[in-house]
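> If you want the building blocks of each chain, they are given just below.
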Amino acid sequence: MKFELTEDQRDFAASLDSLLAASDTVAAARAWADDDTTPGRALWGRLAEQGVNGLLIPEDAGGLGASAVELVIAFEALGRYAVPGPWVESAAFLPAAVASPELLGALADGAVGSVATPPHTPYALDADVAEHLFLAADGLLASAVPGERRTGVDRTRRLFRVTPTTDSTSHEIGDLAAAFDLAALATAAQLLGCGERLLADSVSYVKQRRQFGREIGSYQAIKHALADVRIALDFARPLVQGAALSLEPREVSAAKVAAADAAYLASRTALQVHGAIGYTAEFDLSLWITKVRALVTAWGTPAHHRARILDSLVGAR
Amino acid sequence: MKFELTEDQRDFAASLDSLLAASDTVAAARAWADDDTTPGRALWGRLAEQGVNGLLIPEDAGGLGASAVELVIAFEALGRYAVPGPWVESAAFLPAAVASPELLGALADGAVGSVATPPHTPYALDADVAEHLFLAADGLLASAVPGERRTGVDRTRRLFRVTPTTDSTSHEIGDLAAAFDLAALATAAQLLGCGERLLADSVSYVKQRRQFGREIGSYQAIKHALADVRIALDFARPLVQGAALSLEPREVSAAKVAAADAAYLASRTALQVHGAIGYTAEFDLSLWITKVRALVTAWGTPAHHRARILDSLVGAR
Amino acid sequence: MDLTLSESELAFQAEAREWLAANVPAEPLPSMDTEAGFRAHQEWEATLAAARWSVVSWPREHHGREASLVEWVIFEEEYYRAGAPGRVSQNGIFLLAPILFDHGTPEQQARFLPSMATGEQVWAQAWSEPEAGSDLASLKSTATRDEARGGWLLNGQKTWSSRASFAHWGFGLFRSDPTAQRHQGLTYFLFPLDAEGVTVRPIAQLDGEAGFAEIFFSDVFVPDSDVLGAPGDGWRVAMSTAGNERGLSLRSPGRFCAAADRLVELWRSHGDGVPSAADAVVDAWIKAQAYRLYTWGTVTRLAAGGDMGAAGSVNKVFWSELDIALHETALDLLGPEAELDSSWLDGYTFSLSGPIYAGTNEIQRNIVAERILGLPREIKAAGR
Amino acid sequence: MDLTLSESELAFQAEAREWLAANVPAEPLPSMDTEAGFRAHQEWEATLAAARWSVVSWPREHHGREASLVEWVIFEEEYYRAGAPGRVSQNGIFLLAPILFDHGTPEQQARFLPSMATGEQVWAQAWSEPEAGSDLASLKSTATRDEARGGWLLNGQKTWSSRASFAHWGFGLFRSDPTAQRHQGLTYFLFPLDAEGVTVRPIAQLDGEAGFAEIFFSDVFVPDSDVLGAPGDGWRVAMSTAGNERGLSLRSPGRFCAAADRLVELWRSHGDGVPSAADAVVDAWIKAQAYRLYTWGTVTRLAAGGDMGAAGSVNKVFWSELDIALHETALDLLGPEAELDSSWLDGYTFSLSGPIYAGTNEIQRNIVAERILGLPREIKAAGR
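Chains as they are written, first to last, in our numbering: chain A, 1 to 317; chain B, 1001 to 1317; chain C, 2001 to 2384; chain D, 3001 to 3384.
Just so you know, the hints here were simulated from the structure itself, not pulled from any lab data.
For glycine and all other residues, C-beta sits at the position ideal for the given N, C-alpha and C.
Possibly wrong hints are sitting among the right ones.
Derived contacts from chain C toward chain D, CB cut-off under 7 Å, selection only [what the hints assert, rightly or not]:
(1) Ser2276
(2) Ala2278
(3) Asp2279
So here's chain A without its partners, still in its complex pose (with noise of 0.2 Å):
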């Protein structure tokens, strides 16, 4: 029983950290959001290196064979300095997915992959600059073409539909369902960071933010406010990293609901507490806004997850 991170893996998190915010991750996130991916491109080469894309590879197959603990760990970084790129997809969902240990290689060597999971996840990221693309449907996993482009709430989620590739066969595949799972619980390590970075900004901002006389942090209101994100995502980081440990789909939801309430709830405060100036695009905290409003339906709507938890509680109903 000993439920905080070792010191391999506060390193591993402490390395991310420095890499990220030596990189101009929000220059490569605006440019990705005007359809120019090679900041991005750079930053997951960098990241490919540090081995982020393989750790749940298996080692023979060219991965770290890391446990989903350093999967979250990556995930909340990603998350805090808002790195573009579907990362979900080919970090978390296909590496469960897949089973050719050529793919699985290429994956682990930075090779970009998307997919599309109707009816959760009916748009492919970045469909068209990825190398592997897929259709999961019917319990099959098929090769993909990008299709028609939809833009949303987070310019740096660019969204596709994909139509499987007429000579598609299904791939020989792993597991389905534990790749969804490992995709949200990504996604909730990831509403976790930008938690955590909207909180951060926001403190900052109003010990020096003055209004009638007075940083505003010292208004009653808002560290009330503040506090209640603080305490938000401190009981939704556990359910994060207990789902890592135990993999039970329950867990995964409970994870994935928490974070994404606690995410939110940093967002509206956020935007709150920063006034008209956190409603522009061109103020960064708006990156984090509009990407934790797109992530909390992501992979899984808060709705079906509180489903999926009380059917596993009470039973089928």
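Keeping the supplied structure of chain A fixed, place chains B, C and D upon it in accordance with the hints.
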């Protein structure tokens, strides 16, 4: 289009208020809870003289033939002063449920009536002191006798199961559906009055209570919590008055839901700003805190009324 | 106490409903925060004005119908029910016009009101400054007297100015007496946005659209004829606007009732997938009804000569939170599609600005607590 | 990072589960706030103690098992899962004992701990005063030196003293140096509630039960041997208790996990009638799991020599709000029967005190904002 009380209606409200302010309604309520109904019966008589019991009863049957607007004015006052007794049953439900002129006349003159209407109102209030006790079920209204006594969160609500009298024949009845809606509406108005009282007492308490060298009413957390109560009550009142004008079942349900939510917020906030003293039975605040908790589920739970609204909005599903 | 409409009010309602049914564009107009959309909305204002529907409560000589408050609420209900376009001239007709009627000279009224009513000239508000948001009285932009030319020189910066990217004129407060503190020494100015020395920098919102802008002033000359009210009296002149903006005008009940009806429609088509959203759908409908009835109460009081007072703050907190909750519920119903661009997502993004602009909800709650409940003011405010 | 229990921890868990299954009273005991119930709960404490389950983490010589923190949490989980009675000796074993171990003399430990462990002597806390609730440091009750008799005379009034109606001893802070301000000059005293000059007046709670009492002191003599820690050092001595009360001790995760499981049971039987309560049931379960895992994290840190710090405040806000939401949901499920006396109603009424005692949630949020987020202190506190 004149959506505010007429001068007559304001006068009626003022006269009830001065009558109740002059009566020791808290003592009557506490005695009632201890099964000493004498002070409460005296108060009942004084209110009957004011016509409260006969508001909905036609003049030719000895009532005032007033509108439901007067009814909600009266019940808001009954709630504000925590007046004990089966008022909803005697002055709101039965006047619409019974048809016999004699019985209506008796009620108008102050006869005490009570009724159980399972499933929503499974127990009859103060059945042991009711001169006219009924069970409304399956579209029939049957004379009944008191059964098992139950106690609940609001000690002034003396609850009884009732059983139809063996020789019970259904009475010539009025409109039981309309009677239920009038009872729900009267309960909503009572909740509004309770909420106003809880807010008023909270405001005066936080102005005099000092901690850390300041009136606690100067702390923004407390100011904002009480402001939210003021806002909730301000928007519940028009729903209650609007439903009194239309008597549309859907609007009655909306009034009950909103008044219950606002009054419950008022009671939770009142307890929190008072701290431990609000948690004591001897402090009068407890009368309203416990009454609100009971009235929230009386005459149709919030879940029942919300479902009724949804059904009428989208058609029964 | 009654909620029935008179014969003439019913006739007014029927006329409005009929005209709107016949004239509201079938396709939604492009966003008014794009150049093309702005023009399209101007044309719509002209269409409204031609039929005397753009400013129903104004006098006849200014394209109005001298509609009563009740009729104004009726018109707004019909307007939103019909799904008619947003009002690009909103800042002018709702925020500036009431002041022009109260404090403007006949010459100013004659010069500004007609083109405002037709949408020919669109007005932008210029209240906030980078360091003066909630604390409006701390604004620093200056107006220096220019006796020679008989006017004033404006300098400084305004921000969060909605519509300014494409609007023609602006209105706002400037500090004309550098020695005066806070609410004193402010003057209310009207100025063309193409005047020499004015620079408008559009600001993209969360959704990428330039819904508001910064305005920079560098020795912008404004003649005395474009001062609204007396010099130094700007705060008093402006506050009636703040009251309007926070209270009745900007958020007519029709807007929320129509949105709640659309939400019920969405529930019909999507509810089975999200049964747990049922209560939120019902609560949105309840609150929209509450807001509608509350407004009728306010209208009754105002018609009887009462004023909004701090009730505008009660109002603002309620509608802004209702607006967000209603759109959050719609996104819940949309499920995995919620993140995609849609009218619901647009409405959601817009709703997020509700608790911020026109006085944050924190400020509004302070006002409710202090002015309505009589609770002590903040230590700081009380202390110094 | 792992959540697995060791062999010995599993054995400890099995032993506890087995013993509880065999010994927990089939019928719930009468309320401990009634005289009969108090006695019954004392007997239960004796039964626990005889099998060394009353104070598992204490040293063996004091009826303990020297259980690790992990084992303590395991025991608490099993205890609540078994539906065992509330702990009438809670104030003593959770609030006072940690201080006795740290600051008590060997003589005091020998004199007080055994009878506390067996429930023979029940302790009541005496922190608050009528004018000192959240602002504990403003307490006014005094302790005057009595050199002649080698002790102190206590005067004043304490209130909200839980269990005091039937308890045997009390502990609390008194101002022993009238010239000192706030946190200075306070001394920590232990006193028998039947001492001459002590008057205990039971106070009925919302539900009518005398869950707490006022204690009046009139020249109550306390010998030096009953002073805990050094005279004047009372605040520092007491704060570890406050930390405990707000943090881990009083609210072990087992309590909420067991309540959430009962709520799921209630949903099974009543859910069809209240489908809209589904999300609230799920959220109660999620939060109970979160609290359980969060506690394991805290235990891991404490076991590694860390301390709770301000995390106790994070903790307290979370469990107190979870407790209320969970019980509100249960009452929603009970529908029209919700107002009737029931174990759910008792739990609900008790939960309402959670955000109030041991430092209101407003105070806790201030602490989180100031000590964890580093936000500025209240103007008043900062200013003077």
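> Please go over all the hints and tell whether each is borne out by the structure.
Okay, the hints, checked on the actual structure:
no. : hint    : verdict
1   : Ser2276 : holds, 5 Å
2   : Ala2278 : holds, 6 Å
3   : Asp2279 : holds, 5 Å
The structure shown violates none of the earlier numbered hints.
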